[in-house]
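Undergrad: These are the residues of each chain, in order.
2 protein chains.
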Amino acid sequence: MDNFTFYSPTYFVFGRDTENEAGTYIKKFGGSRVLIHYGGGSVKRSGLLDRVKKSLEDAGLTYVELGGVQPNPRSGLVYEGIELCRKEKVDFILAVGGGSTIDSSKGIAAGTLYDGDFWELYQTGVAPAALPIGTILTIAAAGSEGSGDSVVTKEEGMLKRATHGDVLRPKFSILNPALTQTLPPYQTAYGVTDIMAHLFERYLTNTKDVEVTDRLIEGLLLTMIHEAPRVLENPDNYEARANIMWAGMMAHNNSVGVGRTQDWTSHDIEHELSALYDCAHGAGLAVVMPNVMKYTYKHDITRFAKAAVRIWGCQMDFDDPERTALEGIARFRSFLTSIGMPKNFEELGAREEDIAILADVACNGDGRPGYLEGFTKLSQKDIEEIYRLCL
Amino acid sequence: MDNFTFYSPTYFVFGRDTENEAGTYIKKFGGSRVLIHYGGGSVKRSGLLDRVKKSLEDAGLTYVELGGVQPNPRSGLVYEGIELCRKEKVDFILAVGGGSTIDSSKGIAAGTLYDGDFWELYQTGVAPAALPIGTILTIAAAGSEGSGDSVVTKEEGMLKRATHGDVLRPKFSILNPALTQTLPPYQTAYGVTDIMAHLFERYLTNTKDVEVTDRLIEGLLLTMIHEAPRVLENPDNYEARANIMWAGMMAHNNSVGVGRTQDWTSHDIEHELSALYDCAHGAGLAVVMPNVMKYTYKHDITRFAKAAVRIWGCQMDFDDPERTALEGIARFRSFLTSIGMPKNFEELGAREEDIAILADVACNGDGRPGYLEGFTKLSQKDIEEIYRLCL
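Taken in order, these protein sequences are the chains called P and B.
The first sequence begins at 648 in this note's numbering and counts up by one.
The second sequence begins at 648 in this note's numbering and counts up by one.
Incorrect hints may appear among the rest.
As the list makes no split between identical chains, a pair holds if one copy fits it or if it spans any two.
[To be verified] Each computed DSSO-like pair below joins lysine-lysine, with the alpha-carbon atoms no more than 30 Å apart:
#: 1; residue 1: 700; residue 2: 953
#: 2; residue 1: 674; residue 2: 941
#: 3; residue 1: 736; residue 2: 801
#: 4; residue 1: 941; residue 2: 953
#: 5; residue 1: 736; residue 2: 700
#: 6; residue 1: 674; residue 2: 818
#: 7; residue 1: 674; residue 2: 945
#: 8; residue 1: 945; residue 2: 990
#: 9; residue 1: 941; residue 2: 700
#: 10; residue 1: 941; residue 2: 736
#: 11; residue 1: 990; residue 2: 1028
These are computed hints drawn from the structure, not numbers from a lab.
All values reported here derive from a predicted model rather than from experimental measurement.
Model the full assembly from the supplied sequences, consistent with the hints where possible.
TA: Structure representation (structure tokens):
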């Protein structure tokens, strides 16, 4: 196991009706003047935004609002939020929504305290300071409610980049599984796919002898495989939603990924798709991930065979472990199809003729070194071939 | 899943040589005048204490020392520590040792800021304020490095009681698996048993439909079953030690136990044994736990069958799940024996003639209601019968 530090100081408040405690927790963590940041109309239509405002008013807090976060959140709204926070002397940001809203909030929180152009923080990947953030999560997916990460897309050139920092970890996150019961099935499934990607990107490691994190990742993946069909059969299944929601947080606060190299090439390869075609991140991952696996499994057949046996319940072919490894990847592909995920460029709205530019931006965009490196090192030509497997 | 809050703000620093960063982390978390609290001579003999002192000196910190913590830490030393901290105006406590040293440090930290007799905090079970604490862990066992709990024994009446509070969560914990390589095999195995107990006490729940935490607990137990024999075969196996050490933290910071009722009757029944006979907590648990399971499994045969299949690799007897449930308990018993743990009162140094008093104190001591309640409700007569199964 590699040396590591682990820090997850977020106060998690989990369960029914917990959104009504938002005001109390903002006060507890020192906020007085709040920016409520959210996406589209659903938080309004559902009455969630009104309940949250009432909770803030009951706690004696004042607030300003900024809606309009899109999936794959844009830098334009982050600039707007920074200006608003400075003008209104906001001292706490409350994100009400999913990963996009939380990531946009983190961009605003870091940008407000940064002297230069906030995008620089997404070029260096380091956020040194930020306003405190709280979240009310409405979709189990990105894990941003428990992470120190944020991904934002710059409209100019459609560059999708990430920044990181303990200062971006929410002070508190309110997780009420009931808030996710109204999600359309495809959004639920995108979330499931994203969570599974966070787990597989950690599972594909070159660090030897990391049984504890292997077992934890496997446990969370088994949970997803068990619970996803249950919520798709019955969207009102609170218990299944609850299991997915906690798994989504645990998948990405890194308690199950410490002390080991991780992959993240599937995320990097996908980010170019959602940046260019504005498809859902989960949908892009569903297309990319099994193909990244198919392209790279020979790097460590044993690891893929282990995944096949422990996660997908395949029988180990002791005479031909490669067969088992491939069977596991095929089961992953089938599972994603079974929950309604796309499996190729066409279903995603992506185009074969863009492959060269996709691979170029993935490898060279914004100062990258000309390749991607995680589980294996992938050249621009490798990335092109992976995109081609997605056709 | 039940509503819950989860908060684990400890900064974990894991890996080789990390003890040399103690001074840096104390400064980071605001300490200037430190009490270094430890147990017997091993931290001196190994040179660990000298390295820690040097790290504090390098960081410009001053310190006082208090050694002498015993296993099952006593209130007498806590009183002494409180007096020392007040006299020396200590503002940070550094525990260098195992669970006993950390728990003693937590008692001192809470007691220093408490106006009355610190023991009252262990009677009410609530610690409202405490000096900040850091830890350097030397045995993977108690999980106190990541928990808000402390257990101390009062010499008068040999009462062993716990207190709790987020203020008791360490600001940082330094976990270097290499520090555990010099432990005698029986101490390593006591630690393994304690960690497994923390997991099984959480596994035995009455909350339905908690797949995510079931799977996480199972993953950690499978890790322990895999790694414990490896360290006993080769005490210098750093990787196996590392897997156990992170599992020990994860087993008890409650990320795998949230949203579900837990048991803790094995701990309560054991505490009377280690209080009266001063045996190791892990040794007592090894004797008690399988017998608590044998006595209570009919309360939920399905859960025990699940444990047998998923944790112990038993085949499910679909026609007779009770057989599978019992097979799992028997495998647990065999596993504990295989790692050198005692299996009855005699090996523990406990006496049949004390059973009545043991059960009486467990049920009625220090204001208890006359029974124990967790997975099932156990009367004083039930507790006596469980102790009798341990003969």
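Undergrad: Hint by hint, say whether it matches the structure.
TA: Hints versus structure:
In this homomeric assembly, residue 700 and residue 953 never come within 30 Å of each other (Cα to Cα): the closest approach is 49 Å inside a single copy and 45 Å across copies. For the identical chains of this complex, residue 674 and residue 941 are neighbours neither inside a copy (50 Å) nor across copies (48 Å), given an alpha-carbon limit of 30 Å. Only within a single protomer do residue 736 and residue 801 lie at most 30 Å apart by alpha-carbon distance; the minimum there is 25 Å, versus 53 Å between protomers. For a Cα distance limit of 30 Å, the shortest separation of residue 941 from residue 953 inside one copy, 15 Å, qualifies, whereas the shortest one across copies, 34 Å, does not.
For the identical chains of this complex, residue 736 and residue 700 are intra-copy neighbours only, at 18 Å inside a copy versus 45 Å across copies, given an alpha-carbon limit of 30 Å. Both within a single protomer and between protomers do residue 674 and residue 818 lie at most 30 Å apart by alpha-carbon distance, with minima of 11 Å and 22 Å respectively. Taking the shortest alpha-carbon separations for residue 674 and residue 945, neither the intra-copy value of 53 Å nor the inter-copy value of 47 Å comes in at or below 30 Å. Taking the shortest alpha-carbon separations for residue 945 and residue 990, only the intra-copy value of 22 Å comes in at or below 30 Å, while the best inter-copy value is 47 Å.
For a Cα distance limit of 30 Å, the shortest separation of residue 941 from residue 700 qualifies neither inside one copy, at 48 Å, nor across copies, at 52 Å. Taking identical chains as interchangeable, the C-alpha atoms of residue 941 and residue 736 are never at most 30 Å apart, the minima being 51 Å within one chain and 62 Å between chains. Proximity of residue 990 to residue 1028 under the C-alpha cut-off of 30 Å is restricted to the intra-copy arrangement: shortest distance 22 Å within a copy versus 62 Å between copies.
Hints 1, 2, 7, 9 and 10 from the earlier list are contradicted by this structure; the remaining hints agree with it.
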